[in-house]
Amino acid sequence: MVIENPLPHFAEWFPAAAASWLLVVGVLIVAALVLGCLVSVLRYGPRLGFTVALGTAVSGVVDLVCMSPRRVAALSWLAVKEAIRRRVILVFVLFVVILLFAGWFLDVGSSEPAKLYLSFVLTATTYLVLLLALFLSAFSLPTDVKSRTIQTVVTKPVRPSEIVLGRMLGFTIVGTALLLLMSVVSYFFVTRGVSHTHEVLAENLRPAGPAVDGRQPLSGTTESSQGHRHRLFVDAAGKGVIESEFGHWHEIQVGGTSDKPSFEVGGPEGMFQARVPIYGKLRFRSREGVDIDRGINVGDEWFYRSFIQGGSVAAAIWTFSNIRESQFPDGLPVEMNIEVFRTYKGNIEKGVLGSLSLRNPRTGLIVEVKVFESKDFTPLFIFVPRKITEFSGADVISSKRETPDKGVEFSPPQNLLDRRLAERKEFDLFNDLVADGEVEVWLRCLEPSQYFGAGQPDLWLHAADASFEVNFFKGYFGIWLQMVLVIAFGVTFSTFLSGPVAMLATVGAMIGGFFSDFLTRLSQHAVLGGGPFEAIIRLVRQENLMTELEPGLRTTAAQMADRVAEAGLWVIAHILPPFTEFNYADWVAYGFDITWDPWIVVPALRALAFLVPVFVAGCFFLKTREVAQ
Amino acid sequence: MQSSEVVIETRSLSKVYRDFWGRQKVRALKALDLEIRRGEIFGLLGPNGSGKTTTVKLVLGLLFPTSGQALVFGRDATDVKKNERIGYLPEESYLYRFLNAEETLEFYGRLFDMPAPLRRQRIADLIEMVGLGWAKRRQLREYSKGMTRRIGLAQALINDPELIVLDEPTTGLDPIGCREMKDLILRLRDEGKTILMCSHLLADVQDVCDRIGILYQGELQELGRVDSLLKVRDTTEIRATGLSEACQAEIRQVIERHGGQVLSIGNPTTTLEELFLHIIRESEAHPGRRVRGGAGNGH
Ligand SMILES: Nc1ncnc2c1ncn2[C@@H]1O[C@H](COP(=O)(O)OP(=O)(O)O)[C@@H](O)[C@H]1O
Ligand SMILES: [Mg+2]
Numbered sequence: 001m002v003i004e005n006p007l008p009h010f011a012e013w014f015p016a017a018a019a020s021w022l023l024v025v026g027v028l029i030v031a032a033l034v035l036g037c038l039v040s041v042l043r044y045g046p047r048l049g050f051t052v053a054l055g056t057a058v059s060g061v062v063d064l065v066c067m068s069p070r071r072v073a074a075l076s077w078l079a080v081k082e083a084i085r086r087r088v089i090l091v092f093v094l095f096v097v098i099l100l101f102a103g104w105f106l107d108v109g110s111s112e113p114a115k116l117y118l119s120f121v122l123t124a125t126t127y128l129v130l131l132l133a134l135f136l137s138a139f140s141l142p143t144d145v146k147s148r149t150i151q152t153v154v155t156k157p158v159r160p161s162e163i164v165l166g167r168m169l170g171f172t173i174v175g176t177a178l179l180l181l182m183s184v185v186s187y188f189f190v191t192r193g194v195s196h197t198h199e200v201l202a203e204n205l206r207p208a209g210p211a212v213d214g215r216q217p218l219s220g221t222t223e224s225s226q227g228h229r230h231r232l233f234v235d236a237a238g239k240g241v242i243e244s245e246f247g248h249w250h251e252i253q254v255g256g257t258s259d260k261p262s263f264e265v266g267g268p269e270g271m272f273q274a275r276v277p278i279y280g281k282l283r284f285r286s287r288e289g290v291d292i293d294r295g296i297n298v299g300d301e302w303f304y305r306s307f308i309q310g311g312s313v314a315a316a317i318w319t320f321s322n323i324r325e326s327q328f329p330d331g332l333p334v335e336m337n338i339e340v341f342r343t344y345k346g347n348i349e350k351g352v353l354g355s356l357s358l359r360n361p362r363t364g365l366i367v368e369v370k371v372f373e374s375k376d377f378t379p380l381f382i383f384v385p386r387k388i389t390e391f392s393g394a395d396v397i398s399s400k401r402e403t404p405d406k407g408v409e410f411s412p413p414q415n416l417l418d419r420r421l422a423e424r425k426e427f428d429l430f431n432d433l434v435a436d437g438e439v440e441v442w443l444r445c446l447e448p449s450q451y452f453g454a455g456q457p458d459l460w461l462h463a464a465d466a467s468f469e470v471n472f473f474k475g476y477f478g479i480w481l482q483m484v485l486v487i488a489f490g491v492t493f494s495t496f497l498s499g500p501v502a503m504l505a506t507v508g509a510m511i512g513g514f515f516s517d518f519l520t521r522l523s524q525h526a527v528l529g530g531g532p533f534e535a536i537i538r539l540v541r542q543e544n545l546m547t548e549l550e551p552g553l554r555t556t557a558a559q560m561a562d563r564v565a566e567a568g569l570w571v572i573a574h575i576l577p578p579f580t581e582f583n584y585a586d587w588v589a590y591g592f593d594i595t596w597d598p599w600i601v602v603p604a605l606r607a608l609a610f611l612v613p614v615f616v617a618g619c620f621f622l623k624t625r626e627v628a629q
Numbered sequence: 630m631q632s633s634e635v636v637i638e639t640r641s642l643s644k645v646y647r648d649f650w651g652r653q654k655v656r657a658l659k660a661l662d663l664e665i666r667r668g669e670i671f672g673l674l675g676p677n678g679s680g681k682t683t684t685v686k687l688v689l690g691l692l693f694p695t696s697g698q699a700l701v702f703g704r705d706a707t708d709v710k711k712n713e714r715i716g717y718l719p720e721e722s723y724l725y726r727f728l729n730a731e732e733t734l735e736f737y738g739r740l741f742d743m744p745a746p747l748r749r750q751r752i753a754d755l756i757e758m759v760g761l762g763w764a765k766r767r768q769l770r771e772y773s774k775g776m777t778r779r780i781g782l783a784q785a786l787i788n789d790p791e792l793i794v795l796d797e798p799t800t801g802l803d804p805i806g807c808r809e810m811k812d813l814i815l816r817l818r819d820e821g822k823t824i825l826m827c828s829h830l831l832a833d834v835q836d837v838c839d840r841i842g843i844l845y846q847g848e849l850q851e852l853g854r855v856d857s858l859l860k861v862r863d864t865t866e867i868r869a870t871g872l873s874e875a876c877q878a879e880i881r882q883v884i885e886r887h888g889g890q891v892l893s894i895g896n897p898t899t900t901l902e903e904l905f906l907h908i909i910r911e912s913e914a915h916p917g918r919r920v921r922g923g924a925g926n927g928h
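So the sequences go chain by chain: A and B.
Heads up, the first sequence is in my numbering, so the first residue is 1 and it goes up one at a time.
Heads up, the second sequence is in my numbering, so the first residue is 630 and it goes up one at a time.
These aren't lab readings, by the way, just hints derived from the structure by calculation.
Possibly wrong hints are sitting among the right ones.
[Unchecked claim] Pairs of lysine-lysine residues, derived as DSS-like cross-links and limited to a Cα-Cα distance of at most 25 angstroms, are as follows: (1) A:Lys-146 / B:Lys-654; (2) B:Lys-710 / B:Lys-765; (3) A:Lys-146 / B:Lys-774; (4) A:Lys-239 / A:Lys-260; (5) B:Lys-774 / A:Lys-81.
As the structure is a computational prediction, the values presented were derived from the model and not from experiment.
Work the whole structure out from these sequences, hints included.
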């Protein structure tokens, strides 16, 4: 699974994030005050203007502090009622209809049906719920203003903050109820959809070895179901095992007599997972044997993975920390999913050979534990046992790094290398290869002129399995956060825009939010091809992204304009919520556990960081607006 | 009933409607000075588009004045606190059509600080009072105009307000409804409430208001007690008892000498309609004439 922007843990993230939040909010407050004064002065003249602006600011703060829960509840109740009257339930009906149709075209015979089904329901839910949130929130207040019903409300002792919060809460309640309903229906749709058993016919099984006590061990395959079959073995004691295929296996009960056995196969097992991964920190080793941060670029536009050349000393190296014997008493379960880039086709049926080694970063001992064949993006599982007796090579090497200030450094220093460490026939994982909880996993490509590509999350340790059901609902939490943000933005925009415009503005914020990471990088000057103005020149002159623009007035002017635009982009990127961060659908579909820290806590706080200012802004917009205009 | 406490005060209150680009569209209200005292029924009278609703909305803080100031209970009109003591019946009842009568009153009632039992009691009483008991479970979308008006009134009274602002209270009501509405207004006044109502229907105003102001094209044209405004000064009506035959003959003679004919003798009252048409003719003849309604004026 691709994780382009790994989230830092709460403890690392919070102090800096809180500081930058305070900074941005501070800047926004000052900007709003200045703007408010300006507008007020233009309207009422300089003498009265400041008094009016300040008065509004103060009473706005009072509005926020003096909100009455009872009135907020009454207004939320109204929003819920309105949503029900607008037949929100139709969205649910539509969802069920979509699922019914999807039942036809979702191919249960594909190699990972669970992933397909999960991705589908999560995506469908996300789109439907976000669309609903958008329509409900963007049109509610404008409709009230247009039908003038708001005039009856604001002539009661109601504060603008209560109206805005009431709307936000009410629609959130409606959306939450709908989301819960959809998640339950989805859960049954998915589990039922991929559920199947296989028939086992005794006549299709062949003897496998000599009979014991008159019972014959058997092997063969099950009958086909959902486009696949499993291999199966029944030992002489009558215990059956069905091999894993297409990401799942089945339990099998063998009954009947020895000449006429009967078989009973259960439902699919292991299809829905919530694997708890431990990620390492990735670095690369160049063909020259020097440590570098990134590997080779094979010409991809996307820099997520970088590549190592086969048949050389180049390697992708993951350093894992805090590896404890208590957590992995039997050995290290390594899972990986790597890209294979072929410069010549070779035998496309066969994978490209690679190897996996473990290295002790302290002593430099490296043991090549496995040589494997890898096809493009086929998941591989390698279990490194506690006692390593089978291995294809061992050595002692130090890693070499060049830095401008310290020059060339070796770790461990070459004169401290103890070659005898590698001359053993057996290694112990924790005594020989893990040092203070740290161990390196080296990935190499063994075939010259072929390449392996990897990003940091492409190789990980399968630490444990969490509950799939809990994980499934955690995935919905991400959708819920997105929904709440859409509602908040929709309501705030609708406090001063008409319905359709508010909707467009919210969609704009969402789309901008999807690209907020790109906008940030653009504003930090970290995108190839320069800022927007430089990009226009490149477009017009058909220059590619890498060439230097020819120096001159035009280029300088464009680059100056870009500096200005970058400041604007920085602000925009910080105002719009990073929607992609709340999208956990992939995690559920690919079967990874969504850990509380950081994946629930940090996005929840981030969402809150957006919600609070957006809400406050909505209150002020509504307050300074003539609702009867 | 009337006390000297000023409930609503406007100080050269003006409103200019502007369009999206800030260009001036309509000067709806021009420097209005008014004082409305506790316990009186004040009627704002004027033809359609004369600025009555604009005045009311400025007083309620629904609009912000272009210049001048509106004070309610001595506080600025945009202060939310004042709303606890106000009931407002808008021009048309702007109510949520997806709620039924009970839910409507329940919703608006919850916006006020009052204990739940009291709220429930009041909802029941009000529904009873406006005579909608038979339709209280029906959604307002199914209501006729008159029924909406009634529930609108009930909504305005939910907090037992001290000041009641009624914008065209009788439109959409049948004659019986009109009569009931007027009786209700008088009853509310007798309970000590202050009422500001505006209307283009002269009959309404004539029947119930203590004082009226006549607005025309955003300007206050006339202000005063209804009885004194309706007195026709250039006509004399004499009704007397205890005059001797001789005296009467003398008076008749005087009149006849001046070419008059005696019908009865005294100061007659005109109808408001005539007064109204007269003011409009006057105003068109002398544009810019305006009455100031400061303290003491118009009594
Ligand atoms: N929202 C508005 N935008 C522009 N002009 C308005 C608006 N509301 C009222 N007006 C204009 O202001 C004037 C006074 O309107 P209004 O106060 O509603 O009159 P009345 O209630 O006496 O019939 C009218 O000319 C009307 O067209
Ligand atoms: Mg009006």
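*Compare the distance between the alpha carbons of Lys-146 (chain A) and Lys-654 (chain B) with 25 angstroms, and conclude whether the hinted pair is satisfied.*
This hinted pair holds, its Cα atoms lying about 19 angstroms apart.
_Please verify whether Lys-146 (chain A) and Lys-774 (chain B) have alpha carbons no more than 25 angstroms apart._
holds (19 angstroms)
*Given the hint that Lys-239 (chain A) pairs with Lys-260 (chain A), test it: the Cα-Cα distance must not exceed 25 angstroms.*
The hint holds at about 15 angstroms.
_Pair hint Lys-774 (chain B) and Lys-81 (chain A), alpha-carbon separation not exceeding 25 angstroms_ = At roughly 23 angstroms apart (the allowed maximum being 25 angstroms), Lys-81 (chain A) and Lys-774 (chain B) satisfy the hint.
*Could you grab the alpha-carbon distance between Lys-710 (chain B) and Lys-765 (chain B) and see if it respects the 25 angstroms cut-off?*
Cα-Cα ~30 angstroms, so violated.
Comparing the model with each numbered hint stated earlier shows that hint 2 is the single one that does not hold.
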